[in-house]
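Those letters in the sequence shown? Residues -28 to -1, 1 to 100, per mature numbering (1 follows the signal peptide of the UniProt record, and there is no 0), in order.
Treat the hints as calculated values from the structure; they're not laboratory data.
Where hints are given, some of them may not hold.
Just the calculated beta-carbon pair ranges, DEER-fashion [unchecked claim]: (1) Asn52 to Met2: 51 to 59 Å; (2) Asn53 to Met2: 53 to 61 Å; (3) Met(-28) to Tyr(-8): 27 to 35 Å; (4) Ala30 to Met2: 29 to 37 Å; (5) Lys(-4) to Met66: 50 to 58 Å; (6) Val47 to Thr(-26): 25 to 33 Å; (7) Met(-6) to Tyr46: 35 to 43 Å; (8) Val47 to Met(-6): 35 to 43 Å; (9) Tyr(-24) to Leu32: 42 to 50 Å; (10) Met81 to Met(-23): 34 to 42 Å.
The beta-carbon is built from N, C-alpha and C at its ideal position, and this holds for glycine as well.
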Amino acid sequence: MFTMYMMMAPMMACALMMLNYLMSKSNGYMEKDGPFECGFTSYQQSRSSFNVTFMLVAMLFLPFDLEMSSILPYVMSAYNNGMYGLMMVVTFLMVLVMVFMYEMRLNAMKLDRKYESKSKEMKTRLYS
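Could you build the full structure based on these sequences and the hints that come with them?
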């Protein structure tokens, strides 16, 4: 049954995408094809740099998001894994919790920090 699902799911996805491509109308206009930012026209450059806190949250989110895909194989075969599989999942989750506690201890989740460039201060020290 599972192999049938694994064969049918990609075929169904491709069929639906092809059906969407064949049935859709392409009527682009300036507002539709332009860059979209929160429902209003962007008056600044839309390729501006991201805030450091956004990158920090994204990097901290990745390990905790990927742990769900790492636990999925155990969930699919929990009866076959027995006590060894359970201990591996518990060990994995404990390491993940310890890393999260370490991040909290470092104040990595504190998002209101100010990041300032110290290059000017160092130049004045070097040349004076």
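Verification of the supplied hints:
no., hint, result
1, Asn52 to Met2: 51 to 59 Å, "holds (58 Å)"
2, Asn53 to Met2: 53 to 61 Å, "holds (57 Å)"
3, Met(-28) to Tyr(-8): 27 to 35 Å, "holds (30 Å)"
4, Ala30 to Met2: 29 to 37 Å, "holds (32 Å)"
5, Lys(-4) to Met66: 50 to 58 Å, "holds (54 Å)"
6, Val47 to Thr(-26): 25 to 33 Å, "violated (18 Å)"
7, Met(-6) to Tyr46: 35 to 43 Å, "holds (41 Å)"
8, Val47 to Met(-6): 35 to 43 Å, "holds (37 Å)"
9, Tyr(-24) to Leu32: 42 to 50 Å, "violated (34 Å)"
10, Met81 to Met(-23): 34 to 42 Å, "holds (38 Å)"
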